[in-house]
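Order-wise, the sequence lines are chains P and B.
Residue numbers for the first sequence follow the numbering used here, so the first one is 1 and each next one is one higher.
Residue numbers for the second sequence follow the numbering used here, so the first one is 1 and each next one is one higher.
It is possible that some hints are incorrect.
Simulated pairs of lysine to any residue, SDA-like, Cα-Cα distance not exceeding 20 Å [unchecked claim]:
1. K9(P) to F42(P)
2. K288(B) to G55(P)
3. K259(B) to D244(B)
4. K288(B) to E90(P)
5. K3(P) to G31(B)
Hint data in this document are derived by calculation from the structure and do not stem from the laboratory.
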Amino acid sequence: MSKVPADLKYTKSHEWIRSDADGVLTVGITDHAQEALGDIVFLELPETGRQVAAGDAVAVIESVKAASDIYAPVDGEIVDSNADAVDAPERVNADAYGNWLFKLRPADGASLDALLDAAGYEAEIAES
Amino acid sequence: MSKQTPLHRAHVDAGARMVDFAGWEMPVNYGSQIEEHHVVRRRAGMFDVSHMLALDLDGADARKFLRSVLANDVAKLTVAGKALYSCMLTPTGGVIDDLIVYHFADDRYRLVVNAGTADKDLAWLRERIDRDAAAVDLTPRRDLAMIAVQGPDARRLCWQAIPGSEEATGTLPPFHAVDCDGVLIARTGYTGEDGFELSVPADRAEDVWRSLLGAGVAPCGLGARDTLRLEAGMNLYGQDMDEDTSPLDAGLAWTIDFKDENRHFIGREPLEQAGARRRMLGLVLEDKGVLRAHMKVATEHGDGITTSGSFSPTLQQAIAFARLPLAVAPDERVTVDIRGRMAEARTVKLPFVRNGQCLI
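This is chain P alone, in the form it adopts within the complex (with noise of 0.2 Å):
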């Protein structure tokens, strides 16, 4: 079984999101994700300073697979993608909710509401 933990919060498209002291969003891909897509061999993450909206296809992961792209979760300005995880994406694999992607301050009024808790998400993916 995936692990899924409780403290995060998750989106239909299988990103998890970790809301930091500061306000900042934490944005990496649920170990169902990093199962489904197989080895990862590739990351491309969003460049500091973009603006980004719910839903924009704001960085790509290329397994051995296929290529898929990762969502941003809400409104909001890109602050820091991890440089670590793209020199070896195999990390994200082993270990996807220690081995996040990118960094993102969300935009003023932006709601959290719409994503999924822990529970929400295990009812997602049971489902597929």
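We have chain P; now place chain B onto it with these hints.
Relative to chain P, chain B alone:
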């Protein structure tokens, strides 16, 4: 509802991730596709290929019939057990399927065809047998399971696992097959490595699989099979060629035998008239990213298209097959459109890898 092979339980026991492939529930990997790829290049891995169909052709007209429906010439097969790779063509010169034909006697052959084309092939062969009123009996062998054991240690580990197999196959040359106590052992494969493909009665398949496991052969899924064949420069039906593709444009000219001018095999005339219009070459990506099928390739001589592509675990960079203008030569710079990003690549002769060695 997907069909299951006789090895289904063994895959589930080994923790396989199962996917639908051409109507069959097949293992795509047992954990890491890349590790499975490496184990075949470095030691030995095995693949369940029971979804492919063995078709026996028996009868006085078998040889004559195959000389007409296959583009390669079975007249080359004079030794019992000798195998040949061939395309089967439409009357307009497109590829119905690619297959291996084994010669047991001039009135006894076996074809091994792709899973996704098996029904179509069977219908086509039956139609041709009827039309020619050929004395040929066609028998699909769904009572057989097939296991491909591949890698530098593959033959040695098969000898350990299958009693009597070393005596039967110790001197068996590549592309030959021999019976060993009801198991047909062929020195063939789809990985660019040495090894055997075993045709086993379905009720013995799981025992043979578990003996091979016990000898240290690693189970490998269809994912690794695809990257291995890509590195080895071997075409995949439905991706690198199909009924709308001439084999001469898909890197398969070496399999089309025009030598006997009196052999009017199906598809011959259109191929001779059209000749080769495209050239198949390998691409190695020099930029970051991964090449996939159906990407546009810009060259100095016009545009082309990738037909298969992936990340090569052996070369640690992206590779592809590309169908290109005839004037393009190996070692030219080309540009590939990777979802809107223009990436630099270099053309190379196929294969990329053979017997564990990088050739580019």
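How the hints compare with the structure:
1. K9(P) to F42(P): violated (25 Å)
2. K288(B) to G55(P): violated (25 Å)
3. K259(B) to D244(B): The given pair, whose Cα atoms are some 24 Å apart, is violated under the 20 Å limit.
4. K288(B) to E90(P): holds (15 Å)
5. K3(P) to G31(B): Roughly 16 Å separates the two Cα atoms, so the pair holds.
Hint check: violations occur at hints 1, 2, 3; the rest are consistent with the structure.
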